[in-house]
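Whenever a hint applies, use it, and build me the whole structure from the sequences.
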Amino acid sequence: MFPIDQYKKMGEIGLLGLPFGTEYEGAGGDYLSYILAVEEISKVDASVGISYSVQTSLNMSAISTYGSEDQKKKYLPDLCTGRKIGSFGLTEPGAGTDAAGVRTVAVKDGDNYILNGQKCFITNSPIADTFVIFAMTDRSKGTKGLSAFIVEKAFPGISIGKIEDKMGIRSAQVGEIIMEDCVVPAENLMGKEGKGFGIAMKTLDGGRIGVAAQALGIAEGAMDHTIAYMKERKQFGRAIHKFQYLQFRMADMKAKIEQARYLVYKAAMDKNNGKPYAESAALAKMVASDCAMEVTTNCVQMHGGYGFIKDYPVERMMRDSKITQIYEGTNEVMRMVISGNMFR
Amino acid sequence: MNIVVCVKQVPDTNEVKIDPVKGTLIRDGVPSIINPDDKNAIEEALRLKDKHGANVTVITMGPPQAEVALKEAIAMGADDAILISDRAFAGSDTLATSRTLAGAITKLDFDIVMAGRQAIDGDTAQVGPGIAESLNLPQVTYVENVEFDGKNLKIRKALEDGYEVLEVQTPCLLTAIDSLNEPRYMQMKNIFTAYDKEVIMWNASDIDVNPEHLGLKGSPTKVKKTWTKETKGSGEIVELPAKEAAAVAISKLKEKHYI
Amino acid sequence: MNINEYNGVWVYAEQRDGELQKIGLELLGKAREIADGINEELTAVLLGNNMDDTAKELLAYGADKVIYVEDEKLTHFTTDAFTEAICSLVESEKPGMMLVGATYLGRDLGPRIAARIGTGLTADCTALATEEETGHLMMTRPAFGGNLMATIMCTEHRPQMATVRPGVFDMIAKDESRVDASKIDKRTTTFSDTVDRIKVIEVVKELKDTVDLTEAEFIVSGGRGVGSAENFKQLEELAHALGGTVSGSRATIDNGWLAHDLQVGQTGKTVRPLVYVACGISGAIQHLAGMQDSDYIIAINKDADAPIHGVADLSLVGDLNKLVPEFTAQLRAMNK
Chain A
1 MFPIDQYKKM GEIGLLGLPF GTEYEGAGGD YLSYILAVEE ISKVDASVGI SYSVQTSLNM
61 SAISTYGSED QKKKYLPDLC TGRKIGSFGL TEPGAGTDAA GVRTVAVKDG DNYILNGQKC
121 FITNSPIADT FVIFAMTDRS KGTKGLSAFI VEKAFPGISI GKIEDKMGIR SAQVGEIIME
181 DCVVPAENLM GKEGKGFGIA MKTLDGGRIG VAAQALGIAE GAMDHTIAYM KERKQFGRAI
241 HKFQYLQFRM ADMKAKIEQA RYLVYKAAMD KNNGKPYAES AALAKMVASD CAMEVTTNCV
301 QMHGGYGFIK DYPVERMMRD SKITQIYEGT NEVMRMVISG NMFR
Chain D
1 MNIVVCVKQV PDTNEVKIDP VKGTLIRDGV PSIINPDDKN AIEEALRLKD KHGANVTVIT
61 MGPPQAEVAL KEAIAMGADD AILISDRAFA GSDTLATSRT LAGAITKLDF DIVMAGRQAI
121 DGDTAQVGPG IAESLNLPQV TYVENVEFDG KNLKIRKALE DGYEVLEVQT PCLLTAIDSL
181 NEPRYMQMKN IFTAYDKEVI MWNASDIDVN PEHLGLKGSP TKVKKTWTKE TKGSGEIVEL
241 PAKEAAAVAI SKLKEKHYI
Chain V
1 MNINEYNGVW VYAEQRDGEL QKIGLELLGK AREIADGINE ELTAVLLGNN MDDTAKELLA
61 YGADKVIYVE DEKLTHFTTD AFTEAICSLV ESEKPGMMLV GATYLGRDLG PRIAARIGTG
121 LTADCTALAT EEETGHLMMT RPAFGGNLMA TIMCTEHRPQ MATVRPGVFD MIAKDESRVD
181 ASKIDKRTTT FSDTVDRIKV IEVVKELKDT VDLTEAEFIV SGGRGVGSAE NFKQLEELAH
241 ALGGTVSGSR ATIDNGWLAH DLQVGQTGKT VRPLVYVACG ISGAIQHLAG MQDSDYIIAI
301 NKDADAPIHG VADLSLVGDL NKLVPEFTAQ LRAMNK
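Chains as they are written, first to last, in my numbering: chain A, 1 to 344; chain D, 1 to 259; chain V, 1 to 336.
Just to be clear, a hint being listed does not mean it is correct.
To give an idea of the interface, some chain V residues facing chain A are shown, with a C-beta separation under 10 Å as derived from the structure [to be verified]: (1) Ala60; (2) Val203; (3) Val204; (4) Arg250; (5) Thr267; (6) Ser282; (7) Gln286; (8) Ala289.
Calculated directly from the structure, the hints in this document are not laboratory data.
Backbone N, C-alpha and C fix where the C-beta goes; we use that ideal spot for every residue, glycine too.
Quick look at the structure:
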């Protein structure tokens, strides 16, 4: 069950709109502050962490960066305050990281575009009100024919398909978006026709910092639980944190987490400072998500049998970690981004 | 309308543990928080502000690090914050504390002074009424509902077996309990303002109080000794027929005044 | 302040709308002992209207003397009127000590009086004694959420004031032969205008039934050893006799013996009641996490090696089906 009430509350206190200007009812903070918030939320619940990251660093960042002033005024205030929930539709059954494979089409029809196609694995889609959707306005041009639209749930022709049953981040709502002759006013085109690929790729770079922060949060949350457990749990007449082998394993985990932390904050700072951040975001996401997977797996081990049952949160955190190595570009794709820069 | 809210920074007593060997309190690493009842007082002040418009000033007496608590109150929505801090305040009991706070509040414009019922470290519930006395204000303690018509306050005061409704003129002092409201979380944009906002720092010479009433010298009560309660180990084990065993349990409960 | 001018022990006899509260009698019980120890007079102070019979009752419960201030304005408690009345008495009579109940009203009135007089007040005392050489009152109270105990004294100011929670001290047996009408000093008083600053509009009595586990002072909790939903009735009866509520370990909830919100432990609620009675609970680590900070823990379990005994203050080893009903029966007999 997605905690929709708490999520709305995050909007009320200004978390969802954290990095956006107060003129759009945002909190006027910077990207690093926002990243710290994703990290903190994910220490407790990675599902809420990803919903937050998708809304803020994908949906809202795209509108804030590439939307017209009118579009920003119309959509950002509701999204900043949680009155509306945002989602980001790029992935399709035949197009993940390879955006050129997008099959959703948008055909201009007078003052409107008519969208047809299907998106999958879209976080927040079942609960969202405002979507950023990518569709081909000219398939012959490949990625240069991709355009971005702001689509409201209330527009005719959009519906939500299957909701996924997942291994981890189980309360996050992830599902299909189906567009059948979906009518989108032409004014909802973001930027110009054909600019969609650039918008998608740049926005995803920012989103990866969010995922990296989510992964960092999961790892830290699991470590906190494990430290508490190790002080409580006694074996052979003493608390298990007194065993040096276990202490050293915890020290190793701490080192991994700190490595990840500096990369995540570095990427956020790069974005804050207007520096290129595609590579630092890729490094952060790769290292932090691998760290989360390793740390949570070890945390389950530290809990022994109790780690494997649902009374303790570490088994959930281990399942939640896996997806951070996969979504918003798999870690293999992160390596492509990093090495691509090296051998340019 | 001007509302002054008195707050205290306290160690989170839920986190205070006892050193099983030395039998002393472990305060290291225990987080400092705004006293919970005081948060209800802040919230009520902010609700009055939202509804009727008001300037909300939070005030605390404490060491310099208590500034954090005031910043949190600003992030919740308070307008101004005052920290009164001085070595001369050291050793204050509840009477000296209330006189010190009153000496600061009297320098401000106020219609309502709010405080939490009691702090979780001392649990005395004496500072609120003490301030009211020093300022010669009517007081209502254990407040669980506040209605304001722009002129008079209609207050619901909790009692053990019910409540009473009181009509109070301003200025007055109210002490809040947790059922009064649900304190709001800090607002993100206010967190950013809190960083920029200066907390006003006052020392003993800035407030209007008889120096004889300050600190240890102004405190009629003195702590003679303190000790921690015996730590839990394995307790007494009783293996007796039901009748006698139950009698032992009852006598223990009586002896400890639980029943 | 010449503290030698002050002597005598006072007890504030709290009344609520004309009804004497038990706390006043409990305080008289303890104050009797203190007064005898230092050879001083014990005075009960009663403020009210048409309460002459109550004044007599206070003598029967141990007071040497009663000061009864009668006024219409003292019918219902208000901070201002009661503070004024008591402070003017303190000024003229100069008592050495004054005890007040730590009730909602007493905790409103006590600090106001102390602040007006400029004396010390120690709240929520759990023990009172006098220092042998000096006769000063030694007031002991918990702090830091009960983690720390402190003994507090007020050596240079008078009266030495303390509030005490209901139930801490025992009242002494009623003795009608002590009643002597000449020992009742009935007075009137005058009030300033300030007593009209607060108007009482309405007084409502309502019973608050708290089923919130985290607020409960007494919890009787069952584990797998209870055996069945049916058997939980015994625990409910015990809880009732204690004035508390029931809860259970995860096993009892998983078996459907109890509702979900009554689970105590890692995945349930964390409770810290005054008294936690663990019946048939072995004490798995996930259960202990939710209750080990309870003030006083009684474990009832037939297995003498069960881990629950490691955190219990008192372990009753035996069959809960025998122990629990017996415990209940004795409590009921006592409450009668």
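Any of the earlier hints contradicted here, and which numbers? Failing hints, ascending: 1, 2, 3 and 6.
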